[in-house]
Amino acid sequence: MADVDVKVEITGSVWKIVKKVGDKVEEDDEIMILESMKMEIPVLAPEDGTIKSIIVKEGDSVVEDQTVATLEN
Amino acid sequence: MAFEDKIKDHEARRAKAMAMGGPEKLEKRKNAGVLNARSRIDYLLDGGSFRESGMFGTSYIKEMREQTPTDGKVCGFGEIESRPVGVVAYDFTVKGSSSSFTNNRKMSHIKDMGAKRGFPIVFLSESTGIRMPDVMGEGMGLTNEGNRFWRKRESPWVSSLMGYAFGSAAWHACAADFNVMRKGSVMAVASPRMVSKALNREVTGEELGGWKTHAEHSGFADAVADSDEEALDLVKTFLSYLPTNQNEAPPVLPVPPGSEDGGKTILDLMPESLAKVYDVRKIIKAFVDKDSFFEIKARYAKSLTTGLARIDGHTVGFIANNPQFKGGVMDADGCCKATSFIVMCDSYNIPLVFLQDQPGFLIGPEAEKNGVIGKIINWMNALLQVTMPRISIILRKSYGRGFINMGAGGIAEEVAAWWTADVSFMDPRSAVTIVHGVDEKDDPEQFNQLVDEMRERGGSAYDLASVYGVKEVFDPRETRAYLIDMLKFHRSRLTGGVGQHLLSCWPTSYV
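Residue numbers (our numbering), protein chains in the order written: chain A, 1 to 73; chain B, 1 to 511.
Any given hint might turn out to be false.
30 angstroms max Cα-Cα, derived BS3-like pairs, lysine-lysine [what the hints assert, rightly or not]:
hint	chain 1	residue 1	chain 2	residue 2
1	A	57	B	276
2	B	28	B	276
3	A	57	A	38
4	B	441	A	38
5	A	7	B	28
6	A	38	A	20
7	B	276	A	38
What the hints contain is simulated information worked out from the structure, not anything from laboratory work. Since we're looking at a predicted model, the values are computed, not measured.
All chains, please: the whole structure from these sequences, using the hints.
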């Protein structure tokens, strides 16, 4: 099974982590929510899979294209 | 019987052409769940409507004639839902449907007639590219490129990539108005084998030019399909929104029952807090004719949604900021997506509706490296040349240059706003930090006071309306009724619903 990187598409900070390691997700399920540009922007699962790792914690700053979680599919 | 020999000979030749690359190759494709060139045509066209052109074409090299029935491309004319089309179906079972002189002549004829007589061309594509023995040496000297990629959009071109697509198949996919890619297909300038040799490492087809590359990065795949049949269905669906040629208005369809109901749910789909995001596609689906929204480039530049739909039976093109992705921020890829959609809609007499909810253009070094400045202005260049109706509705926030690129500021003939609209050069909270050097976390009281002062300038829907900056302010639930009326009054009556097509020669791929 290949690992899939979950990358953020916008610079911001991690506001809330919604899923945990081991959770099954479908494509476009919310994994965490960033705060950016005064908005709460979801980080969505790029495909179906199981959360293998969450690499950031709430409050961390993140930049565009940074991997914040991985999925196993 | 008279001429019995002739009749039998003709039937034998016909059977050979119809057999394509032979039963073994056809069986292999069938077992893999992949259609062949003739079964793709049968699936696509109305039954019995196909008239083949060039059935007895072969390689121009005499020794190769027997091995090249139809010279590897099945071409002709037919109908889709009783409307005429030209078809070029690449037959991969014959020399990998490689391009050579006879099949290029066939293909050019069908394309030229589509332009001259005003009907769409559909490319059912799968090809290894040019047929190398034919063009090596003096073969290059016989090349006659002609005008084959001078796109004037006289009639729509639609491409369906269903396998390897090199050379002609790839060029036409990128020149087409709509290109669907079946998963497992590969589109690239050169084959994985050639690229692996050049880069001295293994490069798979998927990595080189698979559906993800073209749907998510290059933007050359407007849609993705799981099977040949699904790809062909998408071709038919796309064509159903468009006219047969640029001199006709798009077809008008009956309004499905229940189309009035969705608008009532819009307030449930919108978050009250400006900090929360939503998927604008759900909003669009709520007020257009039921089940009529057909998204284009869904996986590319997702913070900007483009798609065709119907309002009261009439085709409309939507360009909408989508806060669900990146907060709706506008970026370089979004500019390309908007520009190519504007060109397609205007070229085929489709009015445009912009839905605004965006925090501005993405800034930073990466944005500059991506050429966002030039792409913003290309978008404006295209938008200003549109002669079909343009309508812009401000849903929530709209800041900065994006306000104008999305049709306000005197561009669209009609600009309106929901009562949630909030327009400014930038988010007032960011403006306070930049203008006064005060951050919320350092001095919240002063910060909030300065934000209130910034807001006093007034960017609400009613502030804009007071100077006719928006012509109407309405409840989101009235969006459908507003669009029905605006599209009715703005129909191009003086020209029978047909625009001036100032964009018809715009480049076909601008990424």
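Evaluation of the provided hints:
no.	hint	in the structure
1	57/A <-> 276/B	holds, 21 angstroms
2	28/B <-> 276/B	violated, 52 angstroms
3	57/A <-> 38/A	holds, 19 angstroms
4	441/B <-> 38/A	holds, 14 angstroms
5	7/A <-> 28/B	violated, 40 angstroms
6	38/A <-> 20/A	holds, 25 angstroms
7	276/B <-> 38/A	holds, 9 angstroms
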